[in-house]
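Q: Residue numbers (my numbering), protein chains in the order written: chain R, 1 to 286; chain L, 1 to 353.
To be clear, the hints were calculated from the coordinates, so they are not data collected in a lab.
Check each hint, because a few of them may be wrong.
Claimed, not checked - Label pairs and their in silico Cβ distance ranges: (1) Gly243/L to Pro97/R: 35 to 45 Å; (2) Ser121/R to Ala62/L: 51 to 61 Å; (3) Gly243/L to Arg100/R: 40 to 50 Å.
To be verified - Below, computed lysine-lysine pairings styled on DSS-like, alpha-carbon distance capped at 25 Å: (4) Lys152/R to Lys161/L; (5) Lys110/L to Lys55/R; (6) Lys51/L to Lys110/L.
Just so it is clear, CB atoms sit at the ideal spot from N, CA and C, and this is done for glycine as well.
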Amino acid sequence: MANERGQLACLLVPPLLTLLILFVAPISLMAIHSFWAINDDYLVEHSLQLTQYEKIAADPLYLGTLAGSAGMALMTTIGALALSLPLSYFLVRFVPPRLRVFLVLALIVPGWVSVLIRTYSWNLVIGEAGLMNWLLLSAGLIEEPIRLLFTKAAVVIGLVYIYLPYMLVPIYAAIERLDNSVLEAAENLGAGPARRFAFITLPLIAPGIIAGCIITFIPAMGEYVVPNMLGGLQGVMFGNLITTAFSNFDWPFGSALSMVLLGSILACLLIVGRFLNINRSMLGQE
Amino acid sequence: MNRRQLLAASAAGLTLGLTGRGWAQEKLGGSINVLSWGNYIDFALPAFEEKHGTKVNIDYYASEKEAMNKIRAAGLGTYDVVFLGVGYEEVAMRQGLIDAIDVDRLSNFKDMYAPFQKPKESGQHELVTYSWGANGLIAYNPAKTGGPIKSWKDVYSGKYKGRIGKIDKANEQAYRSCFQAGFEYGPLTEEQWATIAKTLEADMPQVRTIYQHYDEMAQLLAAGEIWIADTDDGGFRQAKAKGLPIELVYPEEGFIAWYDGPCLVKDAPNPDAAYALLDHMISPETQAQLGKELGYAPANQKAVPLLDAELRATLGVDDAEANLNRVQFQRNLGAAYETKATEVWQKAKALVR
């Protein structure tokens, strides 16, 4: 028994230490910083106060931007889901396994390239003198170039593109794990394709969908590179406010904003968890 | 040894001794750690390394605050030289991060323009000026605007709605709007801040986008996304050098001057090499190269004859002395001013959204 406990401790200590050093300690430091303030010489004053949180609560700019970011993250999640679901279904059901691997890789490999480069490439595509307008103007489909760059739509397009693999992989894995005999039984009992998809496939792949939604929504909500490069004035998200605070070296305010973002995401997860029982969904259990 | 041989030997010994001493002064060896903005001093370093045999380890930063933070994080005794500007040298001095500079140890200091030779009110030299120029300026493409632009009033007349770009820097927006609203540069009252907020609110619906740095401005102007942009003189010259058909405007409402330069970090590990680098950065040769490479005006007047007539005209160095006497220099107005400027700027951006 003691030997077993020793083995368990040996197994648990390294990951627990890693979590403590790389996760708990930095977040705790940030939480402490959020109760401090800077003086006129940019030095942090180590006296506990609620100044930063009062500032955030008093100004609608911060909570308004937080709500706006949640909206953008939600649109990104819906967009990525709308693309990933049919795409994964098509890949699993209609593409031969050997070719399927290459197609999945083709969707994931661009993710290895820096997010800056991938986002900048959209700049060249949707810009006023970009590829999209050149093609549409050349084909005579439009007379004036479309001004898509520096709009909210451009930010959502960029975010969907960046986060598509995050949604695609869990959904693809869930569809691939589907037991065909269940679908065949439903078909033998007279269920049509739409009925089979709605009542058999969808509930069975729900854990993959929920996992995909969560791992897309959370980083999209804190995003600042894509909104900055594609959204301009229209794309200011909560992540941009945090970046500005830290680049001004107002660490207490940046920390307070980060804690508000962290708290809001946790609150969202708790609410969603209550309705969908996330723990089971994430583990793929019934 | 006869008298002639003795004299020859003495002369040879004296020459060798002097040369040796001179060589020892030139070749300092070792290394120094320098903090600077990216691609700002790099062109001048190979000549320094070759002359003094000192390796320069350069560490880049994006803002003065980041530089000061790096010095604090690494601890005194790590960095030798830090480049600061627009009043941050005073903040760094108050924080005990830099030492006063003994300008008598700099052979090129006497050749600087007179205003750059003046010590601070404290009687000390906290920085030697490496470069200077104007900010709060406007770059525009006359082919697109269809006519000249002379002022902020022209820019925000409504004619160029959706074709204007703004730099995403709260401090810069604060003084640009300050001039636009008819105020003097400096600390502002609450009423003045309210007027600045209103000025920005009125301007923002006409703005197409914001950008983080002047390279981005050049790209946006080149792509035709914007026709008019916030700029400083160096940013404009670098964009113009890329072949952009743009013009520079010193707005009628006013503009501001900036300066920056190297400071001596407190407890510098290699102070002799640090002084040698300071002297090298303000030498006529480096200063002339600064104009050629980066389009920034030299602070050393002996650099002017080393520039060709065209570059002298572009940099405006022939009028430098007169300009320096009438222009107002940017300074550090404190963290509270910056926090307020950031607040006003963030709100103005949010209004558009």
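Q: It remains to establish, for every hint, whether it holds in the given structure.
A: Results of checking the hints against the structure:
Checking the proposed 35 to 45 Å range against Gly243/L and Pro97/R shows it is violated: the Cβ atoms sit about 53 Å from each other. A C-beta distance of roughly 24 Å is found between Ser121/R and Ala62/L, which places it outside the suggested range of 51 to 61 Å. Under the hint 40 to 50 Å, the C-beta atoms of Gly243/L and Arg100/R, about 48 Å apart, fit the expected range. The suggested pairing of Lys152/R with Lys161/L holds, with an alpha-carbon distance near 19 Å, which does not exceed 25 Å.
Our distance criterion of 25 Å between C-alpha atoms is broken by Lys110/L and Lys55/R, whose separation comes to about 50 Å. The straight-line distance between the Cα atoms of Lys51/L and Lys110/L is roughly 21 Å, inside the 25 Å bound, and the hint therefore holds.
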